[in-house]
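S.K.: Next come the chains, spelled out residue by residue.
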Amino acid sequence: MGRKTLELLTESMFYVLMSLLKENRCGTEMAEWVQARTKGRVRLGPGTLYTILAKFQEEALIQETAVDGRRRTYTLTAEGRRRYLEEVARLKACLDDAEDETP
Amino acid sequence: MRATVRKWIYLDPIDIGHFEAWLEAMAKKGLLFENLSYWGAVFRRGAPASIRYRLEPAGRLWTRESKDYCRELGWDYLGQVGRHFELYANSDANAPELHTDSVVHSYALEILGKRIRWYAIALACLTLVLLLLFLLPILQSPTPILTYLVESASAGNLYLLLPDLAVLVMLAQTYTSFLRFQRQLQKGEYPKRDGSWRRSLRWRMLPPLAALILLLWYLILLTAVLCLPWSGQLEGLSRPIPTLSLLELEENPALGTPQGMPANKNDVRFRWTPAAPEQYYIRQQLSDGAGYEPELDIYWYRLAVPSLAPPLLDELIERYGGNRALHTLNLSGLEQAVLADNVQENGQRLFLQNGNLVVYLDYSGQEELSSRPDLLEKLCQFDA
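Chains A and B are the protein sequences, given in the same order.
Residues in the first sequence are numbered from 12 upward in steps of one, following the numbering used here.
Residues in the second sequence are numbered from 116 upward in steps of one, following the numbering used here.
You may find that some hints are simply not true.
Stated by the list, open to error - Only pairs whose alpha carbons sit at most 27 Å apart, straight line, appear in this in silico BS3-like list of lysine-lysine:
id : chain 1 : residue 1 : chain 2 : residue 2
1  : A       : K66       : A       : K103
2  : A       : K50       : B       : K182
3  : B       : K307      : A       : K66
4  : A       : K103      : B       : K302
5  : B       : K122      : B       : K144
6  : B       : K302      : A       : K66
7  : A       : K33       : A       : K50
8  : B       : K229      : B       : K307
9  : B       : K143      : B       : K122
10 : A       : K66       : B       : K182
11 : A       : K50       : A       : K103
12 : A       : K50       : A       : K66
13 : B       : K302      : B       : K229
14 : B       : K307      : B       : K122
15 : B       : K307      : B       : K143
16 : A       : K33       : A       : K103
17 : B       : K307      : B       : K182
18 : B       : K229      : A       : K66
In case anyone wonders, no lab produced these hints; they're calculated from the structure.
Could you put the whole structure together from the sequences, leaning on the hints where they help?
M.R.: This is the structure in structure tokens:
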């Protein structure tokens, strides 16, 4: 049986990818960035954050670039960037549809 | 008052939602989880508190960075629980959940979920093997099933199957709960940690309790099967037994116990099995010294369940009277009486049933078994 691939990015996953767009970050920095970016609306619990990181590494969407003491820094791969942009396009299409339908 | 309390764990940690809810309910009573051992969960007495307990698959949050982040958010690592989980606790009501995304939470359980599915398949195979182990010898035996259950002392071993099945049911319940929990997460639903753990606990308590009772019952049966049977010669027997005297049936003063016959030819054996707690097998043989040697074997069963009597009678007729001419007789005080005749072999087989009593007589001689209904009635009215 093959490994199950990610079919859909959840909001937490989407923001984790977004947090790595411009800068390489470690896990806690991603969590802080996401919380700040969403003004506290999206918080990443430790279980969620590290499961996402493990899953994204499995799927080659991110990769570890450095281990400095306790900090493990990650960067977005080309596949991760493509997946992020694909999701952005999907969300934009959703928004366009919503705007068209809104009276 | 002791500082710690030990509680037996009926809920398996694999039943994640209910196990966490149970720990939280204990904390609200002032019992704070300490650790898990083979002898149950140990709780420390303290002030009642609202503490969130969360199980995370073992090894998921293994890096120092992730452990630091857990601590930063107030999630204390309490140690490993069972083979599959690590337990975290948080007393800060405002701290974010360990998992803030249910779909991602379901990913965290993926590996364990695969393992559980394999366990479930292994469990189903084990159940099949267990059933085959117990049932194949019975199905392959030339003895019909009911006769086997009634006569065989080893038929009591079937009771061992019941505690095994009870434990298997318990494991199946646990695996089902885990898979339901995972499915809910996949759908984006957060499983509620409400009072439903109480109902689950009650259900989980049933199989081990049933297994324990059945095991004790099996030990009692085993003792009875081993200790109650006895046997002895008919001559000089002091115990009352149900019998139809061959001497009375023959009414021939020339008949007596043949000379030089092995002692065990005129004897009785008593057996006890759960299906027939009173069974006698009586053999009689006489001789007139001139070549006539009538024999009478009596199989006398008092069954535990009256409804088993008619099918047992049918099995006995099928087994011992199959190739003979069968005649239904009307004998007073009996529900069923069937005579199997064999003129060529100079013998008769009589099958009787009344209530929970079944009797099979195998007679070899010149008399008619049905000619002495008084003896048959006496045989069937025996009460030890």
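S.K.: Let me make sure I understand: some of the numbered hints might not hold for this structure. Which ones are they, in numerical order?
M.R.: Violated: none.
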